[in-house]
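Novice: Start from chain A and add chain B according to the hints.
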Amino acid sequence: MSDFPWLSVLIALPLVGAALVALLPREREALVKQFALLVSVVVGVLTVVMAANFDTGGARFQFEEKYWWIKEFGVHWAVGVDGIALTLILLSVILVPLVILASWTEADRSGGTDVPAKRSAKTYFALLLALEAAMIGVFAATDVFLFYVFFEAMLVPVYFIIGYFGGPQRSYAAVKFLLYSLFGGLLMLVAVLWLYPLSAKSPAEGGVGHGTFLFSELTQLTIDPTTAKWLFLGFFIAFAIKAPMVPVHTWLPDAAQQSPTGALVLIVGVLDKVGTYGMLRFCLELFPGAAKWATPVVLAFAVLSIIYGAVLAIGQVDMKRLIAYTSVSHFGFIVLGIFAMTSQAQSGAALYMINHGFSTGALFLIVGFLIVRRRSARIHDYGGVQKAAPVLAGMFLIAGLSGLSLPGLSTFVSEFLVIVGTFSAHRWAAILAVSGIVLAAIYILWMYQRTMGGPKVPAVEGMQDLTAREKWAVAPIIAIIVAMGFFPQPVLEVINPSVKETLVRVDQRDPAPKVTGNVAENGARP
Amino acid sequence: MKAEGIQAASWLLVALPLAGAAILLIGGKRTDKWGHLLGVAMSVASFGVGAAMFVQMLGYGAEERRRTVHLWDFIDVGSFTVGMDLLVDPLSISFVLLITGVGSLIHIYSIGYMSHDPDRRRFFAYLNLFVAAMLLLVLGGNYLILFLGWEGVGLASYLLIGFWQHKPTAATAAKKAFVVNRVGDIGLVLAISLMFATFGSIGFDQVLGEGAEHAGLASQLSTGTATAIGLLLLLGACGKSAQLPLQSWLLDAMEGPTPVSALIHAATMVTAGVYLIVRSAPIFEMSDTAQLVVTIVGAATLLAGAIIGCGKDDIKKALAGSTMSQIGYMHLAAGLGRTGYVFAIAHLIAHGFFKAGLFLGAGSVMHGMNDDVNMRRFGGVRGFMMITYATFGLGYLAIIGFPFLSGWFTKDGIIEAAYAKEGTSGIILGSCALIGAGITAYYMSRVMFMTFFGEKRWADDVHPHESPKVMTVPLMVLAIGSVFAGGFLVLGGFAEFLEPVVGKPEHEHHFAWLTAPGAATFVLMLIGAGIAWRQYGARPVPREQPAGSFLTVAARKDLYGDALNESLLMRPGQWLTRLAVWFDGRGVDGAVNGVAAGIGGTSGRIRRIQTGFARSYALSMVFGAAVIVAALLVVNVA
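Sequences listed follow chains A and B, in order.
Okay, so the first sequence: first residue is 60 according to the working numbering, each after it adds one.
Okay, so the second sequence: first residue is 16 according to the working numbering, each after it adds one.
If we strip away everything but chain A, and leave its shape as in the complex, we get (with noise of 0.2 Å):
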């Protein structure tokens, strides 16, 4: 089995999969939905059974294939998981299914009221299936180049999206959306390119001798501090600009409130971990020197990040809006724990992108819910919901709690590691990251409050409750949240490896304990 070529094979199947929807009849909107669910569930199942052939003792990379594909340039078709992609690939391909399944009607020709002629079910799942085979792809392209153009071909699906399928502003939003996209996307192609001349130095020059651009191979290349810092900057913004950070953040709120949900579920759950991944993997492992000369500058960014993005958060008044703006403050946290470097925080970080996957897309999915029902994002426009429709609240609740990192919800593992391995090497931005666990209470819960509490409003009266295709939808979410909350170590012990291996390569060591008397020499746990 470890010759078959997993990754290709589940970046390819996406694709073929979305060519073959955009060849079905226009008419059978039911055949697409069905064929284009099939496609993912296949595709998850793969995934799944490659994941459980992930060997967490072995190599760091693994299922691994490599084959030229622009020799002239060195850009190799490469291909291969770490622990921390192989967890974001399983988020991904899980998703997908789920968000195919709520978004069932979302594309309907006979839905809304504002649609545009263009836009009809296959194109929309085709766009989905595409922006799959992407995502995986961006995950596993180990060769900096491929990994680019995965970069930006997830754009393409995205903006498409946003554009045929969004709400009444959606033309704005897909502009300023693809024009932040591209801005970052062009400093890193600089930064990308500039690699290939430093690799094809001489190994006494620091270089290995031939253009490459395969990420074991640059690893072992020695940058002259001044160039390092030039293109960890490239990179940086690059990935700063998709995590979103504050103040590269404005897009994402408008691409929010305008894009369909489902899709939204998939651009903020997954297609923003690229940003985050990306420092992660590329701006501390290709340049440790220039990671560490950044790190106050980053960190200070990271907390502006949780507190603004929260306070804003506090301030929305269309749901959508303020879940991407809780976003923006848990990538806060993604980015402390990635910079604080201790094994804690990084473990944390990587964790805590799987997370905020899930528990931000069931936010998404069931506020998507409420505007099938509502048509309307907007808070005043509910009140009262829990009475009308009991499960679709109770849901609503658990997500929410999750958002707000609940112990006993996975959200919470990961936010309390990133937390104490701040803490343990940059007091002070932990002490401060730590106010954003009030205002998540604040933001989350006053939105329960105004929307679910209080009397039921007239426009809620008779709200459907959850069918049984949006239980479907988000349940699988909530029951991952639910036992990651108590058995985060399965995920953790894929995740750690890698964790370790970028310590290593940053040359960083977690800082040791203060007091340490004789108990603590045995180690013994009861």
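To be clear, the hints were calculated from the coordinates, so they are not data collected in a lab.
Be a bit skeptical, because a hint or two may be false.
Example chain A residues on the side facing chain B (calculated, C-beta under 8 Å, incomplete) [stated by the list, open to error]:
| id | residue |
| --- | --- |
| 1 | S261 |
| 2 | V370 |
| 3 | L371 |
| 4 | L476 |
| 5 | A489 |
| 6 | V497 |
| 7 | L504 |
| 8 | M511 |
| 9 | Q548 |
| 10 | K573 |
| 11 | V574 |
For each residue, glycine too, the CB sits at the ideal point set by N, CA and C.
Specialist: Only chain B this time, still in chain A's reference frame:
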């Protein structure tokens, strides 16, 4: 030492009620018919397991009573290893019995109290969830598992305060309770972080040590770090236990159904702060400052809560003020160190009985008075509900410290211990506790007289009647506890029982039937009750609230706690939020739109692109591709 026998299955304590909650919540309406019975059964079963564990513990020698259970590896990253560990020792078993015992009684009572509520099943699900979380809190073998339970009870408290979500006041109170508690959680999270940074561990075994000597890593702490950890823990305790300055949520929490007020906001959850401090004794003992601050917070809160209790006409809020005050006593005792720990816990248990009884009694009165809570519309109820009157009366005598009842043993013990503290602080703290006892007698007598004595003041459509047996039997059991628990604990060797955990006091303490502070307390109690009699017993109580003196008005307004929060935190917070929203739209986004306009035309034009955005994408692609080619050329030349 590893747990054996039934103690090895101590996870059942948590698992049983948790399973109950899960079945009732997931099962939904299908479980409506028998949901309450399952809820009661799970709670009682938990009590059974706890009792069996207790019996097993009594069979061990004092040194062998500390048993641990490792269930699974919870988190293991680098040197941060935390197991899902449980700790069964005399301290945790005391709480287990209190929680499951009083908890089960309140479950039974709720069958009757909530019988007309269409959501009774959901209520029992939440109650079960609470019991499970509270047991995890006290059984947790390290600070993270403790925190897991800590937040679990917070969630249950949130759900139950807001049980009637359709009432805006309930929804607001629930949110407030959660948010204020989160402020306290900052303290706990940072305390755990600091412990990990300092010790490399957060396990009770490593940090606190395994015996009465308190010889864990904490014994090597520098005073500064010990003070920091202690104060951070105290912040957490203040949130959960409604101590100053995080007290404001508890009075609003009375929006929840009365059994909730009895179980969560009187007998168990709000005492978690006391548990945390007593459990962390080895840390507090390393810092006089931290201990002193604990006593100050306790003394201030016991006075503030008592004063608030004097001003309230809402029977539940009067009792809530009293709860604050009584927990203040416990904190005061916990801050006194080894002389105080036993009294803190003994008073906590005794309080669990009499305060739960008082709340449930109040609920029984409300039940008969069309759910009215205003004592000015009660009066003379005793003739209509004898059992409620008798049991409430015994609880009343217990709390004011009437000789030989529970409160007399435990509260007087705290007052004596405070006076025994060396230096002027001992005199000040002792006097606060003494004065508090007088005020307690006053406000509790006021409640008693306004409710059960005097002429009837209720409207004609109210027909007071005794509650059904399912409610009165728990009242009777709690009344028995109110009478005997304190004496049983103080005379029955509770100090020796807890000694393996909290350690031996520096000065051997002998119980004496008559002491100077005890006599003074008795006199003050009589004075307090006497004044209340003059004001509310000897003359008619006006149906409408009179204007009241400055102090009365302040007490009615919770000593301006909310006003303070509003002007210091809420208003500035709202302004900050508005400013940030404005800034994000104008400042940050404006700049970005400006830059975008510079590249791709005016921002207005970006907004106006309604059609042909596919074209603009194609253009961008061409542009991007051109840049790639150009870049490659440049690189190649280089």
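Novice: Are the hints correct? Go through all of them and say.
Specialist: Here is what the structure says about each hint:
1. S261: Check failed: Cβ of S261 (chain A) comes no nearer than 16 Å to chain B, outside 8 Å.
2. V370: The hint holds - V370 (chain A) has a Cβ within 8 Å of chain B, the shortest such distance being about 5 Å.
3. L371: 5 Å, holds
4. L476: 6 Å, holds
5. A489: 6 Å, holds
6. V497: 5 Å, holds
7. L504: Holds, because the Cβ-Cβ distance from L504 (chain A) to chain B comes to roughly 4 Å (cut-off 8 Å).
8. M511: 7 Å, holds
9. Q548: Where the cut-off is 8 Å and the nearest Cβ of chain B is about 5 Å from Q548 (chain A), the hint holds.
10. K573: Holds. Min distance 5 Å.
11. V574: 5 Å, holds
The structure shown violates just one earlier hint, number 1.
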